[in-house]
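2 protein chains.
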Amino acid sequence: MSAHLAQAPGCLVAIGGAEDKTSARAVLRHVLKLTGVLDPTVAVLATASQIPELVLPMYHEAFRGLGVQRVHTLDVRTRHAANAPAAVAQVEAADVIFMTGGDQLRLTYVLGGTTLLDAIRRRHAAGAVIAGTSAGAAAMSRTMIYDGDAAASMHKGNVKMTSGLGFVRGVVIDSHFVQCGRFTRLMEVGAANPERLGLGLGEDTAVVVHPDRVLEAVGTGHVIVVDSWSIDHSNVAEIAQGDAITVSNVTVHALTAGLGFDMETRRVLPPDMLLARTAPLFALPEPAVLEAGAWRM
Amino acid sequence: MSAHLAQAPGCLVAIGGAEDKTSARAVLRHVLKLTGVLDPTVAVLATASQIPELVLPMYHEAFRGLGVQRVHTLDVRTRHAANAPAAVAQVEAADVIFMTGGDQLRLTYVLGGTTLLDAIRRRHAAGAVIAGTSAGAAAMSRTMIYDGDAAASMHKGNVKMTSGLGFVRGVVIDSHFVQCGRFTRLMEVGAANPERLGLGLGEDTAVVVHPDRVLEAVGTGHVIVVDSWSIDHSNVAEIAQGDAITVSNVTVHALTAGLGFDMETRRVLPPDMLLARTAPLFALPEPAVLEAGAWRM
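The listed protein sequences correspond, in order, to chains A and B. First residue of the first sequence: 1, per the working numbering; consecutive thereafter. First residue of the second sequence: 1, per the working numbering; consecutive thereafter.
Read the hints as simulated data drawn from the structure, not as lab findings. There could be a bad hint or two in this list.
Identical copies go unnamed one by one, so any copy, or any two together, can satisfy a pair.
Stated by the list, open to error - Subject to a maximum C-alpha distance of 25 Å in a straight line, what follows is the list of computed SDA-like cross-link-like pairs (lysine to any residue): (1) K160 with Q179; (2) K156 with D212; (3) K160 with H124; (4) K156 with E61; (5) K33 with T143; (6) K160 with T278; (7) K156 with P271; (8) K156 with Q179; (9) K156 with S230; (10) K33 with K156; (11) K21 with D272; (12) K21 with M273; (13) K160 with N193; (14) K21 with N83; (15) K156 with D39; (16) K21 with A244; (17) K160 with R277; (18) K21 with Y109; (19) K160 with A8; (20) K156 with T251; (21) K33 with T251; (22) K21 with R70; (23) K156 with A119; (24) K156 with A276.
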């Protein structure tokens, strides 16, 4: 654990699911790099999963393979466990808190109002990186999608939303986005509140939310930005539940690794502008563990 | 057969597949209405299908149930059959030429350069309605999509395109669009040529292309318009086959029945403006067959 970034909150890394855990692991590598710590400690939280006994060893192996010395696996399945001092201590010692996939509703139900969630928030505020994949990514926003058939979306009420963990404001995050054809889910969300920026994450792909609200795409696939600020008409407030939603003038961007997006100006950032905005982080020395890890496996 | 609209080409009706054939049949009703003919003759062409013996009776029944007296089913499976005078004569007598689903490549391969396709074009120019569902819709454009995994799209070369039947210029049509999550297919097409307007048709949903290039949404689902004219950057011309495509500033509209789109100005038309632009057609008397059909079943 380091105090490099103690004055600024840490980055968030929302991953679209199915990230590479055994070969190049570009996304997981990037998560470690964003800590700015040479020898980071990682806490893996499998609360979302129904099979933590399978998921936790997988991530333990993946991070160890990248040279991480301390990987703490937290098998927190109940609200009782999420108030236990041992788990809290492991999060407090972590430079990365990684939330696995599963069901985002389990994540919010188990963690909401617990000392473990408080500890995660404190670590984030103190500069730790919060990363999550699939359900772990969806749960990061203040309002999150927890269900909704993509094929039936754009019919009022199809997308089911509730309160998320609130690590980032102003966005709604969807995962497995390209693979499951979920564009309509974020269009439905954007029609209901055009202020919300929809972030659709492809698999093995992540969006980094930097502290100054610059987004950065990482990984092999696409980060789809569904920006509804530009819409000029929707019938969403006039129709009944189940009726088809119309919307005109949604703006969509498809980003890949190296491209960024400024959440304040709502503009795509080409690589040079992204680097200029994120340079302080990248100027830090490359963590030694990555060099070791690169040759280890 | 009537000469009502002999001076103007007929409407095109591109249907997203799985249109209702047994109950309200809003889309098929609309196809008949667009003929402006009180007692229209319908020719159904099942060339795209590998099971015309099942598909043709289904449409025969559907149109008969709507009160159509003359439904000609054309089982044209070969180029030889597509040059046979009997089939040509049936098309020449038709107010509606309806192309079923199946494989759009079979449709273009069998019909391309035949006297039957010539006859369809002549009838269209003389005012007949050309309708097609699924593959029959996809084949209507000058360049058509015939394959491409939606989950792998936005990677250069994934969407497979070739020459379509060319009934409408300037668009690329995709069907089963919402149900199969095909947004990325039309984004890939639009990045390669921003002049092309992408029309993504939901199931049981159609877009009518009126002769003055006004589009009209019909049916129970969504017509998704993917307009890439607005894009300001894509890497598509710089990357290798298989590489991930970036694109910024795509404009998307989700239309439902009653909304229109002006292909020249690229603007959504609210119901009153759509009616003003399509009024000459709607002012024609409602075909008597629809009234009869409504009560028959």
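Now for the hints, and whether the structure bears them out:
1. Taking the shortest alpha-carbon separations for K160 and Q179, both the intra-copy value of 20 Å and the inter-copy value of 18 Å come in at or below 25 Å.
2. For a Cα distance limit of 25 Å, the shortest separation of K156 from D212 qualifies neither inside one copy, at 34 Å, nor across copies, at 33 Å.
3. Within a single copy, K160 and H124 get their C-alpha atoms no closer than 27 Å, and across copies no closer than 45 Å, so neither meets the 25 Å cut-off.
4. Taking CA atoms no more than 25 Å apart as the test, K156 paired with E61 passes in neither setting, with 43 Å inside one copy and 34 Å between copies.
5. In this assembly of identical chains, the alpha carbons of K33 and T143 never lie at most 25 Å apart, being 28 Å within a copy and 46 Å across copies at closest.
6. Proximity of K160 and T278 under a CA criterion of 25 Å is satisfied in neither setting, with 34 Å inside one chain copy and 38 Å between copies.
7. Only between protomers do K156 and P271 lie at most 25 Å apart by alpha-carbon distance; the minimum there is 20 Å, versus 38 Å within a single protomer.
8. In this homomeric assembly, K156 and Q179 come within 25 Å of each other (Cα to Cα) both inside a single copy, at 23 Å, and across copies, at 16 Å.
9. Only within a single protomer do K156 and S230 lie at most 25 Å apart by alpha-carbon distance; the minimum there is 20 Å, versus 28 Å between protomers.
10. In this assembly of identical chains, the alpha carbons of K33 and K156 never lie at most 25 Å apart, being 41 Å within a copy and 30 Å across copies at closest.
11. Taking the shortest Cα distances, K21 and D272 never come within 25 Å of each other, neither inside one copy (29 Å) nor across copies (55 Å).
12. Taking the shortest alpha-carbon separations for K21 and M273, neither the intra-copy value of 30 Å nor the inter-copy value of 54 Å comes in at or below 25 Å.
13. With identical chains, the CA atoms of K160 and N193 are at most 25 Å apart within one copy only, with a shortest distance of 14 Å there and 36 Å across copies.
14. Taking the shortest alpha-carbon separations for K21 and N83, neither the intra-copy value of 30 Å nor the inter-copy value of 58 Å comes in at or below 25 Å.
15. Proximity of K156 and D39 under a CA criterion of 25 Å is satisfied in neither setting, with 48 Å inside one chain copy and 39 Å between copies.
16. Taking identical chains as interchangeable, the C-alpha atoms of K21 and A244 lie at most 25 Å apart only when they sit on different chains, with a minimum of 21 Å there against 40 Å within one chain.
17. Proximity of K160 and R277 under a CA criterion of 25 Å is satisfied in neither setting, with 35 Å inside one chain copy and 38 Å between copies.
18. Proximity of K21 to Y109 under the C-alpha cut-off of 25 Å is found in neither arrangement, the shortest distances being 27 Å within a copy and 45 Å between copies.
19. With identical chains, the CA atoms of K160 and A8 are never at most 25 Å apart, being 33 Å at best within one copy and 47 Å at best between copies.
20. Taking the closest pair of Cα atoms, K156 and T251 come within 25 Å of each other both inside a single copy (20 Å) and across two copies (22 Å).
21. Taking the shortest alpha-carbon separations for K33 and T251, neither the intra-copy value of 32 Å nor the inter-copy value of 35 Å comes in at or below 25 Å.
22. Taking the shortest Cα distances, K21 and R70 sit within 25 Å of each other inside one copy (17 Å), while across copies they are farther apart (62 Å).
23. Taking the shortest Cα distances, K156 and A119 never come within 25 Å of each other, neither inside one copy (37 Å) nor across copies (44 Å).
24. For the identical chains of this complex, K156 and A276 are neighbours neither inside a copy (41 Å) nor across copies (29 Å), given an alpha-carbon limit of 25 Å.
Violated hints for the displayed structure, listed by number in ascending order: 2, 3, 4, 5, 6, 10, 11, 12, 14, 15, 17, 18, 19, 21, 23, 24.
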